[in-house]
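Sequence lines, in order, name chains H and G. Counting in the UniProt record's numbering, the first sequence tops out at residue 176, every number present. Counting in the UniProt record's numbering, the second sequence tops out at residue 247, every number present.
To be clear, the hints were calculated from the coordinates, so they are not data collected in a lab. C-beta: ideal position from N, C-alpha, C; glycine also. Do not take every clue at face value.
[Stated by the list, open to error] Computed beta-carbon distance windows for the label pairs:
| id | chain 1 | residue 1 | chain 2 | residue 2 | range |
| --- | --- | --- | --- | --- | --- |
| 1 | G | Asn216 | H | Asp31 | 54 to 60 Å |
| 2 | H | Ala72 | G | Ser230 | 42 to 48 Å |
| 3 | H | Glu89 | G | Gly221 | 52 to 58 Å |
Here is how the chains run, residue by residue.
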Amino acid sequence: MAPKNKNPNGENVVPEVQQKKTQALILKSSDGEEFSISKSAAGLSVAIKNMMEDDCAGGVIPLPLVDGGTLARVITYLNKHAEDGASDEDKRKFDEEFLSGMEVDVLCDVALAGNYLDIRGLFHDVCQRIVNGMKNKSVEWVRKTFRIESDFTAEEEEQIKKEYAWAWEGVDSDAD
Amino acid sequence: MRVEMLASFALGVSPNPKDSSLFFPLGNHVDVYFLPRKRSRISAPFVVSGEQKQQPSIDVLPDECLFEVFRRLPGGQERSACACVSKRWLMLVSSIARDEICNSKTTQFVEPEIRSSPAEAHDTAKSKEKSDDMNGIKSEDDECQENDSHGYLSRCLDGKKATDVRLAAIAVGTASRGGLGKLSIRGSASTRGLTDLGLKAISRGCPSLRVLSLWNLSSIGDEGLCEIASGSRFLEKLDLCHCQHHR
Numbered sequence: 001m002a003p004k005n006k007n008p009n010g011e012n013v014v015p016e017v018q019q020k021k022t023q024a025l026i027l028k029s030s031d032g033e034e035f036s037i038s039k040s041a042a043g044l045s046v047a048i049k050n051m052m053e054d055d056c057a058g059g060v061i062p063l064p065l066v067d068g069g070t071l072a073r074v075i076t077y078l079n080k081h082a083e084d085g086a087s088d089e090d091k092r093k094f095d096e097e098f099l100s101g102m103e104v105d106v107l108c109d110v111a112l113a114g115n116y117l118d119i120r121g122l123f124h125d126v127c128q129r130i131v132n133g134m135k136n137k138s139v140e141w142v143r144k145t146f147r148i149e150s151d152f153t154a155e156e157e158e159q160i161k162k163e164y165a166w167a168w169e170g171v172d173s174d175a176d
Numbered sequence: 001m002r003v004e005m006l007a008s009f010a011l012g013v014s015p016n017p018k019d020s021s022l023f024f025p026l027g028n029h030v031d032v033y034f035l036p037r038k039r040s041r042i043s044a045p046f047v048v049s050g051e052q053k054q055q056p057s058i059d060v061l062p063d064e065c066l067f068e069v070f071r072r073l074p075g076g077q078e079r080s081a082c083a084c085v086s087k088r089w090l091m092l093v094s095s096i097a098r099d100e101i102c103n104s105k106t107t108q109f110v111e112p113e114i115r116s117s118p119a120e121a122h123d124t125a126k127s128k129e130k131s132d133d134m135n136g137i138k139s140e141d142d143e144c145q146e147n148d149s150h151g152y153l154s155r156c157l158d159g160k161k162a163t164d165v166r167l168a169a170i171a172v173g174t175a176s177r178g179g180l181g182k183l184s185i186r187g188s189a190s191t192r193g194l195t196d197l198g199l200k201a202i203s204r205g206c207p208s209l210r211v212l213s214l215w216n217l218s219s220i221g222d223e224g225l226c227e228i229a230s231g232s233r234f235l236e237k238l239d240l241c242h243c244q245h246h247r
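Work the whole structure out from these sequences, hints included.
Here is the structure:
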């Protein structure tokens, strides 16, 4: 079983009553990194909460879909949102900073993890962030940014361009 | 333990896929001991993450995630741009019914403490202003698509032009311009022709459809017509001719 209070925030003075709530849990990423997290923070993920309830969470929880870098980010998010003293305002500010520095690829990884671990708030925020980046961009920009190759036939592509002629006008230049 | 084996399999960690002992390192022992853990919830979606770093990152998102992204697209222009990206995107964007579209103002169902931040909303407003300036028109299509369906659009597709892709494109394209009022389809392409999927896109994207005429379509069935029945609530005329469904 996981040793008590092994979480990195162990130095916080925890009242006796809360001892049980803040026990640590180990999450293991796809590349084998292990992270400890308090049970209350981990419980914000519905998927992990279910695993804990099913008593699958005795020791280490492997998360084979989430790599270490992404998991570290997710845990930062969970810790902030499980923090006792944090006001809504704090959390909002945190969310904004948390997401603003992320590259598109990272956002997608976090979205995937947020969906997989069922962390609704995180997932929705990330989706919104991805969409904000697409605003007023051309089709080519989207394809390039997300590295997607068109699988339309030449004829279909032509038809689609015709149908959406107005959507190809007045967009930001592709330079960025 | 079982979970991890599956993981390394799906992640393509093994250097030599032919060496089965790498997949099943305990294969020779008959009495393998598995931890008394419940069935792994995590095993289902493994397939995707193997080449995550090289693959187009957003396309590893499962359909329901991408759907969540697309329904947040702020306006007709962005929706159309995304619909042009690839077939998968087109079909996903076309499957969003109008009442499933959410703009950032209406993202209320997110837990109260993680509502989208005011600064972001400000950003949104600013970029919208900008796009209005550039187009020289007000982007009306964001909000009031519903109202102006009187001078309605009509489309007619013949033979090989009638494909799911084409219908989905029409559905998304016309949704931002007052909505499609009349659609006639005369026969379908022999390969990759029209199916229920295309009708579904029409039912989602064209709620103001009044007249639908389908001739010589053997590839559509009840499912597609049910979609139309539930989605196109202003339908006044439905013309079906030679639409025997062959399986």
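For each hint, the structure was consulted:
no.	hint	result
1	G:Asn216 / H:Asp31: 54 to 60 Å	56 Å, holds
2	H:Ala72 / G:Ser230: 42 to 48 Å	45 Å, holds
3	H:Glu89 / G:Gly221: 52 to 58 Å	54 Å, holds
Checked against the numbered hints listed earlier, the structure breaks none of them; every hint is satisfied.
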